[in-house]
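K.L.:
Each chain, letter by letter, is given below.
2 protein chains.
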Amino acid sequence: MLFKDHKQLPCKNKLGQQSYVATMRCFHFCKLPGRVMGIRLLRFTSVVIIVLLLVAGALTALLPTIKDDKLPNSRREPKTQSQSALDSFTLIMQTYNRTDLLLKLLNHYQAIPHLHKVIVVWNNIGEKTPEEMWNSLGPHPIPVVFKVQTVNRMRNRLQNFPDVETKAVLMMDDDTLVSAHDLAFAFSVWQQFPEHIVGFVPRKHISTPSGVYSYGSFELQNPGFGNGDQYSMVLIGAAFFHSGYLEDFQQQPEAVYALIDETQNCDDIAMNFLVAKHTGKPSGVFVKPVDIRNLEKDTNSGYSGMWHRAEHLLQRSYCVNKLVNIYGGMPLKYSNIMISQFGFPNYANHKNKMLFIA
Amino acid sequence: MLFKDHKQLPCKNKLGQQSYVATMRCFHFCKLPGRVMGIRLLRFTSVVIIVLLLVAGALTALLPTIKDDKLPNSRREPKTQSQSALDSFTLIMQTYNRTDLLLKLLNHYQAIPHLHKVIVVWNNIGEKTPEEMWNSLGPHPIPVVFKVQTVNRMRNRLQNFPDVETKAVLMMDDDTLVSAHDLAFAFSVWQQFPEHIVGFVPRKHISTPSGVYSYGSFELQNPGFGNGDQYSMVLIGAAFFHSGYLEDFQQQPEAVYALIDETQNCDDIAMNFLVAKHTGKPSGVFVKPVDIRNLEKDTNSGYSGMWHRAEHLLQRSYCVNKLVNIYGGMPLKYSNIMISQFGFPNYANHKNKMLFIA
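If you read the sequences in order, they're chains A and B.
Note that UniProt numbering numbers the first sequence so that position 162 is 162, with each residue one more than the last.
Note that UniProt numbering numbers the second sequence so that position 85 is 85, with each residue one more than the last.
In case anyone wonders, no lab produced these hints; they're calculated from the structure.
Model, not experiment: these values are computed from the prediction.
Take the hints with a grain of salt, since some may be wrong.
For identical chains, the list gives no copy identity; a pair is met inside one copy or between any two copies.
[Claimed, not checked] Below 30 angstroms or equal to it, Euclidean Cα-Cα: the simulated DSS-like pairs (lysine-lysine) are:
1) Lys288 x Lys333
2) Lys322 x Lys333
3) Lys147 x Lys117
4) Lys104 x Lys351
5) Lys281 x Lys333
6) Lys288 x Lys351
7) Lys322 x Lys351
8) Lys128 x Lys147
9) Lys297 x Lys351
10) Lys128 x Lys104
11) Lys104 x Lys117
Work the whole structure out from these sequences, hints included.
P.N.:
Below, the structure written as structure tokens:
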């Protein structure tokens, strides 16, 4: 039996000098209250320990697998690794030939609440980024990363940047200023609609008797679903959307990339098609901006943006029809929901003629 | 064997006079095509029939139990027995001492799109309903049911009326006129937020350093979550909500009914507590009304509504605190989402200073 020879006591440890003490301790313990009982106690204890280990092992096997959902499928809050990844967003701003505007906007956007990081997609091929200047004027509230591009492509901003650590992306054109109040509110709205493009610029398509679609805004006829107008897209040049859609965008048919490259346009329309297909619902949620400004007139470069091209709008109608061909159908859906912030900027902006308090 | 004695043929029926014919029929059949084969065929047929019955029985047992989800738990479309039950709503209007207003409003509401039925909760105890007059002025677009009450209680309108066949209920005070446009839009919003109270009258509670809550509207301080104001309740006197909440309301603590009866008030606050507890989210979604009118000045009865009582608002603060005690906590949550209809009533009511088209 185990305790007859104290040299074989389980208390024997690696350090020689303590073995005598250990041995004596065990020997003493093992003598309580008698040899036979000690053996039974030891066996009982061993059995208990083994059973506990087995139970713990079984429980571990039964623990639910924690899956990090890349894209939300419902109104559940998206799971994230850290609190900040859920409560903050990454600003992605593509820039071409308007570095003065870019820097002006960076000064504004770097201080937006809940901003985690800025990614500048540098489409000025061969030109040095203003990174040195940026660093020399530090410190800054958040990091800015300059992603130097090799080809000047509209769809460069839709790459699946590994720098994005947040679930939410805020995409802004490099000539658009949206107030911090609008952005903070729209971000909170996105958190309630994480599978949608939540932004400030609504657009729509309409179908015509010939079956050919046309693209436009409120100047086009209403789609004819009850009162008022409808929108079927929210442009990504001023919008929040889930970073998972950047990953999704990499898996689109080649024809989509060809179309965007051919027109240097329509990446935002393609994104709306993608999101509508994914959700089966209207792709966007429109938040009415209080203070949104276009700064293009302020640039020294003289460059005034792609949308001034003569063919710009016709191209966008063309894109809608091409994308319908590519995707084998029209996935865009209409919405007439317009969201504003309760009680801001005007105290009691919701007041109605029923001026009674009850 | 069974068919040797034709008196024991299974074809024997209860009516004596037909038994001979039945017997002859069976006898003839059994003779085809020879006694041995007939027996084998019969046995085979019996076995097949028994096996089929057993299989059918087993399949019936395996059929999934069809459960009609009374309350939605997510943004899924609620299941209904018929399309109309999902696409229409039931108007519940409680009335006391303002029959002239009631009839005026009935003429308006009977023609609201998607209305399925009207339930008038008749709190004029002992007084005849205007049902005869209503019928004499038919036909009407939809049925109206007058529910005669025995006691004049505020919470009579929150009974689980079996007459409600739709998933949605529209509850209106008997002095409130909301335009058809507002109602049609708010109903479409409710269909996207079926677990919320979607309506036109937002209110809030605020907490104070003492821990005592106070009830009010925009005249109270903002709750202090960022910019602007917040609301934590949407009053049911002009709102859509899921009919399942009427069933839920029957299962509340007795103290809730006692409170409402004691004050003849606060049934709407209690409903918001119920919904907030159920969803764990803000109970209401506020839709900004374009045209909502209070008609109480128009009544001939001289009766001007409970909210004119001196103690009305103090009672409502009292109710908030009592309900927190009853439910063991404050379930109400804040929201600052204000929903309006895109492009209605003003064409391009979403237009912003960025007057460019792209």
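K.L.:
Which numbered hints does this structure break?
P.N.:
Violated hints: none; all satisfied.
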